[in-house]
Amino acid sequence: MWEIPPHSLYAMLVVFGLLVTATTCRLILKRLKPEKDYTELRQRIQSWWWMIGILFLCLIVSRTTAIILFAFISFLALKEFFSIVPTRQADRRVLFWAYLSIPVQYYLVSIGWYGLFIIFIPVYLFLFLPMRMVLIGETRGFIQSAGIIHWAVMLTVFCLSHIAYLLMLPVKNADAGGMGLVIFLLFMTQFNDVCQFIWGKLLGRHKIIPKVSPNKTWEGFIGGLLTIALVSGFLGPFLTPLNFRFSLLAGLLISVSGFIGDVVISSIKRDLEIKDSGSLIPGHGGILDRCDSLIFTSPLFFHYLYYMSF
Amino acid sequence: MERVLKILFFALIVRPIVIIVLGLNLRGKQNLPVEGPSIVVANHNSHLDALVLMSLYPLSRLHKVRPVAAADYFLKNRYLSWFSRNCLGIIPIQRTGRMRKSELFAGCHEALDRGEILILFPEGSRGNPEELSEIKRGVYHIVHDRSDTRLTPVMMHGLGRALPRGEALLVPFNCDVIIGETIPDAETGEQLVESIKASFLDLQQYCITCRQTG
Chain A
243 MWEIPPHSLY AMLVVFGLLV TATTCRLILK RLKPEKDYTE LRQRIQSWWW MIGILFLCLI
303 VSRTTAIILF AFISFLALKE FFSIVPTRQA DRRVLFWAYL SIPVQYYLVS IGWYGLFIIF
363 IPVYLFLFLP MRMVLIGETR GFIQSAGIIH WAVMLTVFCL SHIAYLLMLP VKNADAGGMG
423 LVIFLLFMTQ FNDVCQFIWG KLLGRHKIIP KVSPNKTWEG FIGGLLTIAL VSGFLGPFLT
483 PLNFRFSLLA GLLISVSGFI GDVVISSIKR DLEIKDSGSL IPGHGGILDR CDSLIFTSPL
543 FFHYLYYMSF
Chain B
14 MERVLKILFF ALIVRPIVII VLGLNLRGKQ NLPVEGPSIV VANHNSHLDA LVLMSLYPLS
74 RLHKVRPVAA ADYFLKNRYL SWFSRNCLGI IPIQRTGRMR KSELFAGCHE ALDRGEILIL
134 FPEGSRGNPE ELSEIKRGVY HIVHDRSDTR LTPVMMHGLG RALPRGEALL VPFNCDVIIG
194 ETIPDAETGE QLVESIKASF LDLQQYCITC RQTG
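These protein sequence lines map, in sequence, to chains A and B. When you line the first sequence up against my numbering, it's residues 243 to 552, in that order. When you line the second sequence up against my numbering, it's residues 14 to 227, in that order.
Chain A extracted, bound-state conformation (with noise of 0.2 angstroms):
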């Protein structure tokens, strides 16, 4: 408890300082230009330093105190789904199930049964459900239903777990522990968001997906996906066990999985005609617009640094 790689130690300053100077920029943009309104920034900028602080605090605590918290995040993600799509009334014990899996998932997270923890939801709650489906005995709607609520566990609960079991990995690189790893993750994927937007704000003209994502372009994705690239090639053999090559891959693979998970729950919340998918972190939206690029990311991520690596 309370030790800290130095890896890990220094890139969470560097995060406090990034939000030290995203702060004193937001106050003074506030001085410079009083009668604008600056409050949807205030509130993001307000929700960051939350979320950095219960997410760093459960990191130093404890490997089980961090494996909790994003226990309880699949938790609020998979709530958020499953209020915004369609379930029958008839499946309310179903979803209680599905709820269930969290606890279990992140239980075998924590005791590091590989094996389990990687079928456990694609394979055994993929046919418990639809079992417990067929004893309530509702038809109408039946297939609908199995997709959506198996869908909301795989994106919610097992692709969200992946960044819980970095902690789990042997570590490899001793200067950044497993906490490196999932800072590693977070931060690049929150990264590549930021320098799409940027990249789309300075040069965007060509449009990637208009009727998905009209302020998605070629050039913010390229633009993203160069600057994590090399951003990663440089921070990867600080905070992974990768080296510069192979942390560069990782860079662009962070960065075409995060633009896809982006414009997957982006699909969602257009097919259901709603803008936000909850209003649980001010400024930001819901847990699903906090989590969409990470929801792909991490898995990938994952399994790309298990192949190298271990």
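Source of the hints: derived by calculation from the structure; they are not laboratory data. Incorrect hints may have been included.
Claimed, not checked - Reference excerpt, derived from the structure (chain A facing chain B, CB under 7 angstroms, subset only): (1) E322; (2) S325; (3) Q331; (4) R334; (5) I516; (6) G520; (7) S521.
As the list claims (entries may be wrong) - Restricting the straight-line Cα-Cα distance to at most 20 angstroms, the calculated cross-link-like pairs of lysine to aspartate or glutamate (EDC-like) are: (8) K42/B - D518/A; (9) K42/B - D215/B; (10) K210/B - E194/B; (11) K42/B - E461/A; (12) K114/B - E200/B; (13) K517/A - D215/B; (14) K77/B - D126/B; (15) K453/A - D518/A; (16) K114/B - E203/B.
Ideal Cβ positions, reconstructed from N, Cα and C, are used throughout, including at glycine.
Starting from the known structure of chain A, fit chain B onto it as the hints suggest.
Chain B in isolation, oriented as in the chain A frame:
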């Protein structure tokens, strides 16, 4: 003593459940009346409705908030009656008896006279999950000769999935709580019912958990 029980019940049980198991997409918090006399009229799907509405209030004001509830249900046995009076602080309404209107709502008027905030479900009992049912005229009999009382509409959605009528298992769901602006005074009962209904429908469009099929 009642006041302490109510605060403990909400601080230790209701609030943690509302924050962790449920989750609120809250809109229009500034419209919520914090001073009485006023009446919050909300649609009704679940036992959770009143608890969620009351949990919006700071603990220090909780003793001023009184849900109006059916006597035949909430006072039906000793234990439930004790709980309803001490932990919830309900104002019981005799639905079944043939009482005169003035008698029927005497409890409500006394509470309003004391500057309290009533929580009232004008649909009467909990309807089918997430469906609006007929709005009853009772609320008109309370407000029509009280110009001092504000009527605030609240639309809730999602709680009927978390805990519908006749179910004991609470399944986690987020829910929408949309608080609207004060309903204007009405000349007749029908008019008031119409404007409550209109504001419910108006607030419903801000609900984000509304996309469910049957």
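Consistency of the hints with the structure:
no.: 1; hint: E322; result: holds (6 angstroms)
no.: 2; hint: S325; result: holds (4 angstroms)
no.: 3; hint: Q331; result: holds (6 angstroms)
no.: 4; hint: R334; result: holds (5 angstroms)
no.: 5; hint: I516; result: holds (5 angstroms)
no.: 6; hint: G520; result: holds (6 angstroms)
no.: 7; hint: S521; result: holds (5 angstroms)
no.: 8; hint: K42/B - D518/A; result: holds (18 angstroms)
no.: 9; hint: K42/B - D215/B; result: holds (16 angstroms)
no.: 10; hint: K210/B - E194/B; result: holds (13 angstroms)
no.: 11; hint: K42/B - E461/A; result: violated (41 angstroms)
no.: 12; hint: K114/B - E200/B; result: holds (18 angstroms)
no.: 13; hint: K517/A - D215/B; result: holds (18 angstroms)
no.: 14; hint: K77/B - D126/B; result: holds (12 angstroms)
no.: 15; hint: K453/A - D518/A; result: holds (17 angstroms)
no.: 16; hint: K114/B - E203/B; result: holds (16 angstroms)
The structure fails hint 11 only (numbered hints given earlier).
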